[in-house]
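If you're matching positions, the sequence shown starts at 1 in the working numbering and goes up one per residue.
By construction, these hints were calculated from the structure, which means they are not laboratory data.
Once the Cα atoms are required to be at most 27 Å apart in a straight line, the calculated BS3-like pairs of lysine-lysine come out as:
#: 1; residue 1: K375; residue 2: K357
#: 2; residue 1: K25; residue 2: K67
#: 3; residue 1: K283; residue 2: K414
#: 4; residue 1: K409; residue 2: K283
#: 5; residue 1: K379; residue 2: K303
#: 6; residue 1: K283; residue 2: K152
#: 7; residue 1: K244; residue 2: K25
#: 8; residue 1: K113; residue 2: K133
#: 9; residue 1: K376; residue 2: K302
#: 10; residue 1: K64; residue 2: K211
#: 11; residue 1: K303; residue 2: K211
#: 12; residue 1: K244; residue 2: K24
#: 13; residue 1: K303; residue 2: K77
#: 14; residue 1: K283; residue 2: K244
#: 15; residue 1: K4; residue 2: K246
#: 16; residue 1: K357; residue 2: K368
#: 17; residue 1: K5; residue 2: K24
#: 18; residue 1: K368; residue 2: K302
#: 19; residue 1: K414; residue 2: K5
#: 20; residue 1: K152; residue 2: K133
#: 21; residue 1: K67; residue 2: K24
#: 22; residue 1: K302; residue 2: K211
Simulated DEER-style distance windows between Cβ atoms:
#: 23; residue 1: P103; residue 2: G206; range: 17 to 23 Å
#: 24; residue 1: K302; residue 2: S232; range: 35 to 41 Å
#: 25; residue 1: M452; residue 2: E254; range: 29 to 35 Å
#: 26; residue 1: K414; residue 2: K379; range: 56 to 62 Å
#: 27; residue 1: L79; residue 2: D153; range: 36 to 42 Å
No experiment lies behind these values; they were computed from the predicted model shown.
Note that the Cβ used here is the ideal one computed from N, Cα and C, for glycine as well.
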Amino acid sequence: MSDKKVIIVGGGCAGLSAAYHLLKKGWEPIVYEAQDRVGGRMGVYRWNGYLVDEYAQFVHPSYKRAKQMLEEMDLMKDLQEFDLGGGMNVWFNHQWVSAFPNPDDAEAVAANKEWIDYMGEDNFNAFVAYCAKYCEGKFYEGSTEWMMDCDKDDDSNFGEFVKENFGERVLEYFVQPVVASLGLEYPEKCGVAFGLQIVWTVLVGGAAVLKGGLGRLATVIADMLGDNLHVSTPVKEIVIEERKVKGILLETGEFIACDKVVCATTAPVALQIIPNLPDCMRKPIERVTLCRTIHSTLFFDKKLTDGKKPVGGLLPRELGEPFCTCLFQSSRNPVALPDDNSDAMSVFYFGEDQLPKYWDLSEEEILKHTFRVVKKYFKELPDHYIGGHVVRAPQANFTMQNGCPTAIKEMREKHYRDIEGLFFSGDYMYTGSYEGALNSGHNAACCINGEMDRI
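Sequences are here, hints too, so could you generate the full structure?
Laid out in structure tokens, this is it:
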């Protein structure tokens, strides 16, 4: 067995990042992925010139690890920037209202003022100030240091926190649609730190998409791995004896010896394939909660934006719709369309009160329902769509319940190396974003290389 051999279980964002950075450091990473493709949330779908980032959508300004990897892969030149915050509209008083209107647009400014006044300007500003207190100049999704002061280990949730401190209208007409749109969950189902992270992402405003989709990162790393990448190869167990890693056992029954293994799966899978974890590791990981989503995209043979339309629209839950966001492709990623006379609209279904109604429907049934809903709020849509795509994500987001980030942080700092040769990596190690996954993979590689003691 080569002294430089490292087995990586999981070929998603974290696993591929670990493999990439290990290759750079002269190691021999071997990746085993249960699915028939790698990339995890960096999945891409293509159809007749249309391109859809199936899961992860954006490169945000604070994504240091993603940008570093894009730079090294000579892909930074292919980032397409857009204004995420300023481009979002909210449905209020039977019309679309710009959350951050152009000051030269008197009509938009007036509508915005009516929306702010309804929530209470002092309440809204106080909420924004609270977000800035914890996030401004400190926020980074590849770390949890910025959130430790607001991660209280209690049974409260972000929805209750906002309602009690800033009012129900701030919750219902700003926080809830934002959290549901980007966090894919109700504020009442999330911890305070998670909610602040999602809201600050919108308040910061800027974002970018990658020409050709985020899956290009996965493709580059997969090519680098060559024959050391094994897809459709599920791992049954990471074998540990006397607190030392011995190797992995495949579902086929084959045992592969190795004294260094990176577990880069989701938290539930990690618990499943490492059955005898000590409590100091198992209990924090058991606190990880995940939500699911359905991503539905409609394709049109007509451009839906005219320069005045938003990047997307946010629908408050009082409307009773199964999703809270509608994203126009042409206003954020026109290079993902076949030509200037085409467009696409994406929505994300969420919430366990709604998702069971749609989860087992056919793709066409979901697309038809999506079209019926969005047509109610965008009257100018064509009378038909020419195609579409539906993807179901059973483990979409780590919703970071109160106390969970602190518990994971304590595990990283005090117990990360308790089992010799075992290195955890995954989005749940930090904030649940793919940036957190990429950074955890980088840090796991640094641990293996002797540059860090813990991630």
